[in-house]
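Respectively, the protein sequence lines represent chains A, B, C, D and E.
Per this note's numbering: the first sequence = residues 1 to 291.
Per this note's numbering: the second sequence = residues 1 to 329.
Per this note's numbering: the third sequence = residues 1 to 524.
Per this note's numbering: the fourth sequence = residues 1 to 317.
Per this note's numbering: the fifth sequence = residues 1 to 285.
These aren't lab readings, by the way, just hints derived from the structure by calculation.
Each hint should be verified, as a subset may be incorrect.
[As the list claims (entries may be wrong)] Partial list, derived from the structure: chain E residues whose beta carbon lies under 7 Å from chain C:
1) 52
2) 71
3) 189
4) 192
This one's a predicted model, so the numbers in the text were calculated from it and none came from an experiment.
Beta carbons are placed, not taken as given, at the ideal position from N, Cα and C, and that holds for glycine.
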Amino acid sequence: MTTPQTPAAAQPLLVADGLRKTYHLPGKDTLVAANDVSFTLPTGGSIGIVGESGSGKTTVARMLVGLVRPDAGTVRVDGRDRTAGRRRGRGERLARAREIQMVFQDPYLSLDPRLTARQCLATSLSLHDAAGAQGRIEELLDRVGLGSREAAARPHEMSGGQQQRLAIARALAVNPRVLVLDEAVAALDVSIQSQILRLLVDIRQDTGLALVFISHDLAVVQHVTDETVVMRRGTVVEQGPTERLLTAPENAYTRALLAAVPRRGWDPAAAVRDRGAAPAGGRRSGKAQED
Amino acid sequence: MLLDIDGLTVQLPGAARPLLADVSLRVAAGEVVGLVGESGSGKSTTAKAVLRVLPDDAAAHGRVTVAGADVLTMTGSALREHRARRVAMIHQNPRSALNPVHRVGDFLVERLLRTGDHDRRTARDRAVELLDRVGLNDPARRLRQYPHEMSGGMLQRVVIAGALAADPDLILADESTSALDVTTQAEILALLRDLGRRRETGMLFITHDLHLAAAYCDRVYVMYAGRIVEHRTGHSLFDHARHPYTRGLLDCSPELGISRPLRPIPGRPPSLADRADGCPFAARCPEAEPACETWTPRATELPDGGEAACRRLPEAAAATAGATARNNP
Amino acid sequence: SGADTGPAGGTARDVTQLELTPTTAAAAGAVDSVDWLLEDEPDSLDLDTQGGSAGRTVLTNVCERLYQLQPDMTVRPWLVDKATRPDPKTLVLTVRDGVTFHDGSAMTVDDVLFSLRRHADPDMSEADEFENVTSMKKTGAHEITVRFKEPDALFTKALAGDAGLVYQQKRVQEQGKDFGTPGQADACSGPYRLASWKSGDSVTLERYDGYWGDKPLTRKVVFRWAEDSAMVNALRTGAADGAYTDSVGTAAALDGKKGIDLHFGPSTATLDLIPTERGGLADPDIRKALSLSLDRAGIAKSGYGGLAQPWATPVGSGAWGYAKSVFTAAQKELTGAPASPTPADIARAKKLVQNAEHKPDGPIVIGTDSTQGRLVIANGVRAALQQIGLKAQIKTVPSAEYGEFYGDKSARADIDVLVADWYISKSDPVGFYDNGVSDDSNNWVGFHSTAYDAKVEQAKRTLDDAERAELVVDIQRRFTDAAVWIPVAQTPTALALSDKLTGPPASMAYLYHPWAASLGAKKG
Amino acid sequence: MIVRIGRRLAGLLATLLASSFVIFAAIYAAPGDPAVFLAGGRDTLTPERLAAVREQYHLDEPLVVQYGRWLWDCLHLDLGRSFQYGDEVADLLAARFPTTLELVAYATVLFVVLGVSAGALAALNRGRWIDSAVVGATTLAASVPSFVGGIALVALFGVQLGWFPVTGSGEGLVGTLHHLTLPAVAMALGALAVVSRVTRQAVVDADGADHVAVARSSGLPEREIVRRHVLRNALGPIVTMCGLVTAGMLAGTVAIETVFGLSGIGSLLVGAINSHDFPVAQAVLLLMVTCYVVVTTLVDLAHPLLDPRLKSARSAA
Amino acid sequence: MTAVPADAPAPAPTVRRVRRPVAALVATGFLALVVLAAVFAPLLAPYAPDAVDLSSSLVGTGGEHLLGTDASGQDLLSRVLYGARTSLVAPVLLLALAAVIGVSLGTLAAWRGGWIDTFVSRLTDVMYAFPGLLFVVLIIAVFGTGVTTSVLGLGLAFAPTIAKYTRSVALAERAKPYIDAYRVQGMGGARICVRHLVPNLARSIAGYLVVLFGEALMSLATLSYLGFGTQPPSSDWGLMVQEGQSAIVQGALLPALVPGTAIAAVVVAFNVAGVHLADRLGTRR
Ligand SMILES: Nc1ncnc2c1ncn2[C@@H]1O[C@H](COP(=O)(O)OP(=O)(O)OP(=O)(O)O)[C@@H](O)[C@H]1O
Ligand SMILES: Nc1ncnc2c1ncn2[C@@H]1O[C@H](COP(=O)(O)OP(=O)(O)OP(=O)(O)O)[C@@H](O)[C@H]1O
Ligand SMILES: [Mg+2]
Ligand SMILES: [Mg+2]
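With these hints in hand, go ahead and build the complete structure from the sequences.
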């Protein structure tokens, strides 16, 4: 996918620095879901995070938007510290919301079941500024390609694709500078998925929105991002321009990941033989769950 | 022919269109046959028809035979026997396919005892053997573990072991790797292919991933809104897809290492409530003509032995050359 | 459903004709074992600390008293052979010889003296009976001399009650705090001995073979307990042979049932309205008006299934332990409490209210609990007050809280009149009328009359029965004239007995008389 | 596991401590004055006498001091002497508790057997007449207070037909069963509704699980599926509900004991509250609450045995 | 997780055959009738509810008294009609109070977790462990008897039950990503809870409340019985049952049966309608 390439030298918009999160499991076990995760995202840029289930992708995303407080490390947007943690005032909460927004994996569950599409957008607009809302709602609906029929529908009356469009519109409502998408197309059929991906690319082009695109699907990531971070068991194993990562992976795990993607002339048995890596999962202390 | 579905139509009362419309599909022994389609297109229903687990109020027409036995007319013990010994199904989510309160060993032993060839002790030994076969280390210990103590990949192996327990002729793999990581998916696929080859088992491999089906299966059926729209060998699909829907799918699926713009299919698949008298894809088809809206789809033989159900097939065939050129980087 | 579900208007007894017999026909044959029901498990078999009617009903067959209440409510010496009064302030008791306790040892005058002193202990419940006593001494091998501050007409009657129980000193002292609790042997001399008390299950009495008096016909009596419906069912199905029922509902439910004889006997208990300090009924005219307009017969029939009798005095006929004819005649003279108010009564009442000095400002608050009888009385009072142009309101309290009204002034602070039942343990109306004395704690409404106070004091000191009866009639007239309390009805004792058995008293004497000793089969 | 048990036990103690205080305070604040009762007959009541009684029984001390005194004694297994009976409270309880326990145990057996089978039957015949019959009958049963049900049972089976005795708790196994049948049925009736409803829902849920459909499609016999997969998996909520109901019954035998003339701790409690027999009321309540908390804790601890997933899961409470 | 295509639109309503909820309709109709009867009691009742007639006590069914009389000779039909007023209004008030407290507590516990959660859990444990209405008796001991107090007391007593239920549904609801979405949008916790979380719980809580209604009615009745609730000559159904109970032993069933049937019928109707309602509300999501 050809996207407007911002010069890498541009001043970083989002900086994740040494993010670390440990979960305490029942008993004495702990699980390091993210360990020293750092990356930067330039203004208008797009970064992908890939990795197997449980590798810590969602944890990182939630730390970025302030839903999870990191044990260590910081999240800075435009140089301002936006790490979740200490009690913050309403002003600061809203300011962060205007900088960074998120789209979730399950489009249905991420929408308030009570509200119609229009109400949903009105709610988030009123949170930030009440004026001129009506025009803005129509504009947003139009932007994500929802018609007037869907505008009056509640989530359970919409298809998954429509739901995800609405979720994106809601995120766009506050004019964020960064959008974090956590497996935002994973639950959709390919034909719908491609519509959403297309929408994202268009929006980026129009608004210069920066993306953090989380996915397990390398092929999708490749279409959306300039830069990719490969995670495994909570740590970053490889990081670099997407192009390079896919053509010349340096890390054995990245190679195994690539080899496992089905494509023409692909043989699963060969992919398995290539795979030198151990199974997935976060790193646990205490009794191992998998072996 | 091991599995032979012929003109299967399944209709639910109150639904505007049938769940399955005139589905014909064949699987030979030792063959891996793919069934691809978007969600709701009727893939699972097809697989279920093979086991005769259709909704209570559904009306089914057509014929489904497994190794010559007519499935749709089976009842009682014959049906149980059929389900237990001849056909095994592997579901998408291994975690929900296993009873969470029983040990892995109980699951296998339960199936083995059903086959009638074992008593409890030999069943246990056989279970260890099976787990070993599907590539789980330390199988004796695994038998004593609970499902929640194992990872998804390991559980899918257990489920496969369960399917093998009955020594079936036909395996129905319904999205059986979709919930797994790509690396694990590759392992499981390799395992299934290996087992199938060795025992001459036929496999109906259901997936929504066209690339996967094309790369993995000997032959692939593409399904849309309860109909088979195209039927091709795996390797001819990538470059010689003939139905506009199949081509649309290919165009909108991102492909690793190939950088081309995605061309989404507009609109969305019809629901059961949407009436579709003519070609169900007509509404989304870039090549549709007014006549498509009333044309009842019918499979047309293709020169390479495949089939496609498009009214404009002769013209579409002409367009294939162009498509081939485009798809090659 | 049909008429069979509503009973009762027709079958209720005619309240004015309720016949009270003190005792049942004498028994003729022996019985091995009888199952008897109590309304509740005895709290304790030490009546000095916990006197409940369940415990008394059991223990009266086991323990004997210096005097004994007879079924006809008269009193006669029992463990005393002879009593003399050398002067009005001295009583000399000669203790009966040949009485043995249940362990076989002989009863001595020391045991008697010990028992009397125990009863007199200020912490014990009978202490008030000894307020007039200055000393109790052993004055001979069989003799005890009691001296009083003033001549005392009621003391020997008290000795027929719990103040006259004789315990074996040795046993009581041995058992200490456990005396009277389950698992302990009794310390008495009566016709039965306590064979066992299984807490929460049953109490068993067995005939005491060394008893000095007449040998009982029934060898064994087993007591269990059950309330209302359970009691009715047990008696109806023959699971129990008999019971004295406190609750009128129980008796009414058994009325006319096959296999069961119901006997009614005199009791001192009455249903009354007691006006309180709050003042809604402070004016005697208002009280009299209420008394005149109250439908006593209706209440007795509706609330008590016809098993209560409209009554004009606050003491039941069971208190007439002497001069019965005098009291009967005097009762007939009283006109302030009609059974059913005539139009003339109502007119009189209305006039009284009109001319009353202190008319109540707000509604008159009637205090009651939600038991059927009391509620009917409360409703009856409400209707009566409304009829004579006064407002009324009911306030119910839990039965558990009810007892507090009697003891705690603040508890009855927001009611004007209490629906109460009242009995006295002695068969002498004088025992009641000191409640009307000016400074008495039960004189809530503040009735004040020096003449009345003097008469009561005089009656207490008058040892001669006939003389005392005259005084009582006078006192009674003064009390009812002023409507210090407003009597409603007297409630007789009810005995439910299997139709194969007979013998025990039907009167309130069952609490103080060894009733089981006279219980036996009808046929020999 | 050990940690879990430890935690639960700590929670149990905390609950008991809190409950014990509430019990004490409730009895303390409940209407009526124990001194009036202790002072004996109504004609002896004078303010001085009441004051003396209050002092003698420490009723004039502040609530917290009395509570401390009581708790201290309880910890030494000294439950005091009944004001009313003059007997040791422990003896009173020992004599009556077995009756209540037998009654509750009997009722539990009845409602577990009947309720669970009715619920399972309804669930497995969802939408048919059996289902409607079970749901309808149990809804009706739940709307009848147990004492009314009790009275009706006695009237029919005790008095009219004379099949069962109407009072007392009987002796020996057969006698006890004979005597306790009616009261146990009366108690079980109310519980039937909730138990069968929960069972029905649990079985429906379990029946809808994917693995059951998988088992069906793999040709396992229906009987086996129902037993090994549906019923077995529905056990969790069923056992929890049965435990809760049983625990609740231990504290709810009052009405039934009265109707059937049984001397258990329920009727003991009512008597004690009515007469302000502080030591007995407190001890009975404490016993009831302890039973309740112990039963619920046991159920809670047993849960992981039924569902192995819980052994490692986060506890939800 | 790998892709699980789930783009299927909600199943068309035509596919599910709608079953006529006859029982629920009957129950709802009955409840409507009861409400009407309560409203128009003065027009319908043949007697004043507190008219005492000692000469016709415990009369059976008949022309003069359609449903008979109680021990004080009050007409049962009139009393039941008038009694519907307090008997229905009081539980509603009680549940409203309990719901306000319970829902707030439960939501707070689910939202904040930590010691508040522990506290609420312990509180409900202790409340559950108590036999019968002891807690209410305590409240009444402090504040005195009367309808207001019993409604208050029972409201407080019911609150933990509702809190426990609310907590469990709120925990599940809170875990849904739409709540996270609001937080990401910068919405404050209080506003999320009040404006979005609780309204989304409203259906299941309402269903639960409807089922609790029967229990509330019975509990108020019991309190009236103990003398803590309404005072005679009120015609509260609970009070009537308790007044009538002592006549049962004398063979007069009507005084307890009539109000008792009224209670049972209303409770059953509420349960039937409530379960149906809860189901209906539940299937929407
Ligand atoms: N709240 C939590 N408490 C305990 N463990 C958690 C919690 N959230 C996540 N984890 C664990 O942390 C690890 C990383 O989880 P995370 O959701 O970030 O992975 P992921 O890469 O997003 O996986 P997936 O592809 O399955 O979404 C996993 O092992 C997960 O089980
Ligand atoms: N029991 C049923 N009752 C009503 N509709 C049903 C039933 N089972 C399936 N359907 C409908 O039939 C259609 C085909 O379903 P099916 O499960 O076969 O699709 P699928 O291709 O397997 O989809 P997926 O990829 O989501 O598994 C869907 O629209 C589904 O909603
Ligand atoms: Mg994730
Ligand atoms: Mg499917």
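To see whether the hints hold, each was checked on the structure:
{"no.": "1", "hint": "52", "in the structure": "holds, 4 Å"}
{"no.": "2", "hint": "71", "in the structure": "holds, 5 Å"}
{"no.": "3", "hint": "189", "in the structure": "violated, 45 Å"}
{"no.": "4", "hint": "192", "in the structure": "violated, 46 Å"}
Consistency note: the structure conflicts with the earlier hints numbered 3 and 4.
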